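Start from the sequences and build out the full structure, keeping to the hints where you can.
Chains S and X supply the protein sequences, listed in that same order. So that you can map any letter, position 117 of the first sequence is 116 in numbering that gives the first Met the number 0, and since no number is skipped, the others follow by simple counting. So that you can map any letter, position 68 of the second sequence is 67 in numbering that gives the first Met the number 0, and since no number is skipped, the others follow by simple counting.
Please keep in mind that the hints were generated in silico from the structure rather than gathered at the bench. Careful: at least some of the hints might be erroneous.
The calculated lysine-lysine pairs, modelled on BS3-like cross-linking and capped at a C-alpha distance of 25 Å, are [to be verified]:
#1 K5(S) - K94(S)
#2 K1(X) - K66(S)
#3 K45(S) - K1(X)
#4 K94(X) - K66(X)
#5 K45(S) - K5(X)
#6 K5(S) - K66(X)
#7 K82(S) - K45(S)
#8 K94(S) - K5(X)
#9 K5(X) - K82(S)
#10 K94(X) - K82(X)
#11 K57(S) - K82(S)
#12 K94(S) - K82(S)
#13 K5(X) - K94(X)
#14 K94(S) - K66(S)
#15 K5(S) - K57(X)
#16 K1(S) - K66(X)
#17 K82(X) - K57(X)
#18 K45(X) - K66(X)
#19 K94(S) - K57(S)
#20 K66(X) - K82(X)
#21 K5(X) - K66(S)
#22 K94(X) - K57(S)
#23 K66(S) - K82(S)
#24 K94(X) - K94(S)
#25 K45(X) - K5(S)
#26 K1(X) - K57(S)
#27 K82(X) - K45(X)
#28 K82(S) - K1(X)
#29 K45(S) - K66(S)
#30 K1(S) - K57(X)
#31 K94(X) - K5(S)
#32 K94(X) - K57(X)
#33 K57(S) - K5(X)
#34 K82(X) - K5(S)
#35 K45(X) - K1(S)
#36 K82(X) - K1(S)
#37 K94(S) - K57(X)
Note that the coordinates shown come from a computational prediction; the quantities given were computed from them, not determined experimentally.
Protein chains: 2
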Amino acid sequence: MKNYSKTNVTGTERVELHDILGLSGAEISVNYMPAGAGVPFVHAHKQNEEIYIILEGKGFMDVDGEKVELNANDFLRVAPEAKRQLSAAADSSVKYLCIQVKAGSLEEFTANDAVLS
Amino acid sequence: MKNYSKTNVTGTERVELHDILGLSGAEISVNYMPAGAGVPFVHAHKQNEEIYIILEGKGFMDVDGEKVELNANDFLRVAPEAKRQLSAAADSSVKYLCIQVKAGSLEEFTANDAVLS
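As structure tokens, this is what we get:
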């Protein structure tokens with residue numbers, strides 16, 4: 000079996016990459032919301048930290064009742080217990096990635112996890 | 000303490016988000032390589048699965064001796080044990096995210112990990 004998998008994502012349909020890529024340490028979704036639209040429910044997580052990455056456009060995240068503005072090139076970490084709800088701006092769509100990882104699961108990284116050939 | 004943290008990343012300097020955002024389940028770096036440049040070493044990982052997300056430009060990843068082409072909107076999973084080396088294309092820069100997560104660490108996600116208010 001190959002040690003890699005690859006896919007290309009374009010368009011505005013939500014795409015969930017966990018099964019497509021065979022991910023075992025994260026779920027990553029690619030999302031698009033037209034201007035004025037929003038996730039229709041508030042949610043939190045049991046275990047997972049989320050990182051939202053804004054690729055294009057504008058939106059905002061309500062986090063525990065606070066409105067956080069989101070613009071292109073923003074990276075937003077949300078703790079599992081936070082009550083969150085994402086919306087596009089009234090006058091702009093928003094394209095974003097949502098990464099879910101188990102909070103506290105990373106033990107080492109970069110130089111400490113690397114094996115040089 | 001707030002249940003979220005946010006930063007904005009522009010420019011071509013490598014930025015590592017683990018400490019900036021207080022991530023506990025992932026390291027995420029934002030990277031840029033000019034045309035013709037490449038990572039000067041081959042590496043693998045002890046524990047971590049990597050996901051490379053190509054934001055702009057073109058490049059290629061050598062994975063275990065196989066040359067994998069990379070274009071904008073590509074998502075590439077690389078297993079911990081794979082020997083990898085990323086380069087920009089000869090005629091194009093490449094801007095990309097690299098996400099490190101512990102392989103096998105995700106236990107549940109999306110609906111199974113959600114708590115609705």
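Do the hints match the structure? See the list:
1. Restraint check for K5(S) and K94(S): satisfied, since their Cα atoms lie roughly 20 Å apart, inside the 25 Å limit.
2. As the CA atoms of K1(X) and K66(S) are separated by approximately 13 Å, the hinted pair is consistent with the 25 Å bound.
3. Under the criterion of a C-alpha separation no larger than 25 Å, the hint pairing K45(S) with K1(X) is consistent with the structure, at around 17 Å.
4. The straight-line distance between the Cα atoms of K94(X) and K66(X) is roughly 18 Å, inside the 25 Å bound, and the hint therefore holds.
5. For the proposed pair K45(S) and K5(X), the alpha carbon gap of about 21 Å is at most 25 Å, so the pair holds.
6. With a C-alpha separation of about 13 Å, the suggested pairing of K5(S) with K66(X) holds against the 25 Å cut-off.
7. For the proposed pair K82(S) and K45(S), the alpha carbon gap of about 11 Å is at most 25 Å, so the pair holds.
8. A threshold of 25 Å between alpha carbons decides the hint, and for K94(S) with K5(X) the separation of about 17 Å falls inside it, so the pair holds.
9. Between K5(X) and K82(S), the direct Cα distance comes to roughly 16 Å. Compliance with the 25 Å bound is thereby established for this hinted pair.
10. The hinted pair formed by K94(X) and K82(X) meets the criterion: a straight-line CA distance of about 21 Å does not exceed 25 Å.
11. Under the criterion of a C-alpha separation no larger than 25 Å, the hint pairing K57(S) with K82(S) is consistent with the structure, at around 20 Å.
12. For a cut-off of 25 Å, the pair hint linking K94(S) to K82(S) stands: about 21 Å separates their Cα positions.
13. Proximity of K5(X) to K94(X) is assessed by CA-CA distance (about 20 Å); at most 25 Å being required, the pair is judged to hold.
14. Taking the CA atoms of K94(S) and K66(S), the gap is about 18 Å. The hint holds against a cut of 25 Å.
15. Our distance criterion of 25 Å between C-alpha atoms is met by K5(S) and K57(X), whose separation comes to about 14 Å.
16. For a cut-off of 25 Å, the pair hint linking K1(S) to K66(X) stands: about 13 Å separates their Cα positions.
17. With a C-alpha separation of about 20 Å, the suggested pairing of K82(X) with K57(X) holds against the 25 Å cut-off.
18. Simply put, K45(X) and K66(X) have alpha-carbon atoms about 22 Å apart, close enough for the 25 Å limit, and the pair holds.
19. As the CA atoms of K94(S) and K57(S) are separated by approximately 8 Å, the hinted pair is consistent with the 25 Å bound.
20. Between K66(X) and K82(X), the direct Cα distance comes to roughly 12 Å. Compliance with the 25 Å bound is thereby established for this hinted pair.
21. As the CA atoms of K5(X) and K66(S) are separated by approximately 12 Å, the hinted pair is consistent with the 25 Å bound.
22. For the suggested pair K94(X) and K57(S), the alpha carbons sit about 21 Å apart, so the restraint of at most 25 Å is met.
23. With a C-alpha separation of about 12 Å, the suggested pair K66(S) and K82(S) falls inside the 25 Å cut-off, and the hint holds.
24. With a CA separation close to 17 Å, the supplied pair K94(X) and K94(S) stays within the 25 Å bound.
25. In summary, the hint linking K45(X) to K5(S) is supported, as the alpha carbons are separated by about 21 Å, within the 25 Å threshold.
26. Distance hint between K1(X) and K57(S) is fulfilled; the C-alpha atoms sit about 22 Å from each other, no more than 25 Å.
27. Simply put, K82(X) and K45(X) have alpha-carbon atoms about 11 Å apart, close enough for the 25 Å limit, and the pair holds.
28. Annotation: proposed proximity of K82(S) to K1(X) holds, straight-line Cα distance about 12 Å (limit 25 Å).
29. Distance check on the hinted pair: K45(S) and K66(S) sit about 22 Å apart at the alpha-carbon level, within 25 Å; holds.
30. This hinted pair checks out: K1(S) and K57(X) have alpha carbons roughly 22 Å apart, not beyond 25 Å.
31. Taking the CA atoms of K94(X) and K5(S), the gap is about 17 Å. The hint holds against a cut of 25 Å.
32. Restraint check: the Cα-Cα separation between K94(X) and K57(X) comes to about 8 Å, which is no more than 25 Å; the hinted pair holds.
33. For the suggested pair K57(S) and K5(X), the alpha carbons sit about 14 Å apart, so the restraint of at most 25 Å is met.
34. Between K82(X) and K5(S) the alpha-carbon distance is near 16 Å, which keeps this suggested pair within the 25 Å criterion.
35. Between the alpha carbons of K45(X) and K1(S) the distance comes to roughly 17 Å, so the proposed pair stays at or under 25 Å and holds.
36. For the given pair, K82(X) sits about 12 Å from K1(S) by alpha-carbon distance, which is consistent with the 25 Å threshold.
37. Between K94(S) and K57(X), the direct Cα distance comes to roughly 21 Å. Compliance with the 25 Å bound is thereby established for this hinted pair.
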